[in-house]
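Quick mapping for you: the protein sequence lines, in order, are chains A and B.
Read in order, the letters of the first sequence are residues 20 to 126 in the working numbering.
Read in order, the letters of the second sequence are residues 18 to 166 in the working numbering.
Hints may be right or wrong, so weigh each one.
Claimed, not checked - No more than 25 Å apart at the CA atoms, straight line, and that leaves these computed lysine-lysine pairs for BS3-like:
#, chain 1, residue 1, chain 2, residue 2
1, B, K46, A, K85
2, A, K84, B, K50
3, B, K50, A, K85
4, B, K157, A, K92
5, B, K50, B, K157
Simulated from the structure, these hints should not be mistaken for lab results.
In this text, all values refer to a predicted model and were calculated from it rather than measured experimentally.
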Amino acid sequence: MSCSTRTICHSEIIRSRDNSGKVYIAASIDVHKGVNMSVTISVRVDDEVKKKIEELGYTPSEYIKKILIQELKKEHSRRAVAWLKAHRLPSGEKSVEEEIREDRDSR
Amino acid sequence: MNLVLDSSVIAKLFIDEKGSDKATELLEKSSTKDIALIASNLAFYEVGNTILKHLREKDKDGTEYMNQLFFLNIEYNSLDKTLAGEAIRIAKTNDITYYDAVHIIVSQRHESALVTEDKELLKKFKNAISMKDALERIEKEPKPLITTI
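This is chain A alone, in the form it adopts within the complex (with noise of 0.2 Å):
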């Protein structure tokens, strides 16, 4: 099939269950290919939840793709933050503020 930007592409249903075994979510994804490509993702959530984020004044869609892309950030951070720790650069003779403050002041 070939895919346009409204086509859906593929489809995948994904479904997992906490420690506890009470919450239960299910996403189901729609990839749609085109030139922004973007994936419907629907979540199922337990019915207090949705109530919750309503309350907020969100509207549950556009609180989740809220949340997905400032969780994303931040996991990108914390593992950025995490390798720098580890990988760290040997400092020279001088700190890194008088080095950028010779650039600033000879450019």
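Please arrange chain B on chain A, whose structure you already have, making use of the hints.
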């Protein structure tokens, strides 16, 4: 709360020297308190140049370090015509370089403190604070009421 980071703070994440642990702590604690970290995109050039000076043979070409700079949870701001004009005015008035003024103007635009380890900026600008002071401010911030699911 927002905090604007000077290149002297971001660069400390990459180099093992005095203040590196504080810079790491600042990034980690900002994340748990939902504090937005902002920097001028001039930081890409200044931090990139600092990384370049410290690269060793075994660090290969340094691309992995530059990748991490993009992954950090920092919102990088570019200049527009208004900010560029304000920056040159601040540079002239305060007898600082245009590069310094760019970081100052980004902090003013966001009505935020500029976190820096640069002595000149700390001396000349009231809104410039050290990493130590920034960490104290972060400590005082309440934890976000809404925690992510």
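Do the hints match the structure? See the list:
1. B:K46 - A:K85: 21 Å, holds
2. A:K84 - B:K50: Holds: A:K84 and B:K50 sit about 20 Å apart, inside 25 Å.
3. B:K50 - A:K85: 17 Å, holds
4. B:K157 - A:K92: 24 Å, holds
5. B:K50 - B:K157: It holds: about 10 Å lies between the C-alpha atoms, which stays within 25 Å.
This entry satisfies every hint, going by the numbered hints stated previously.
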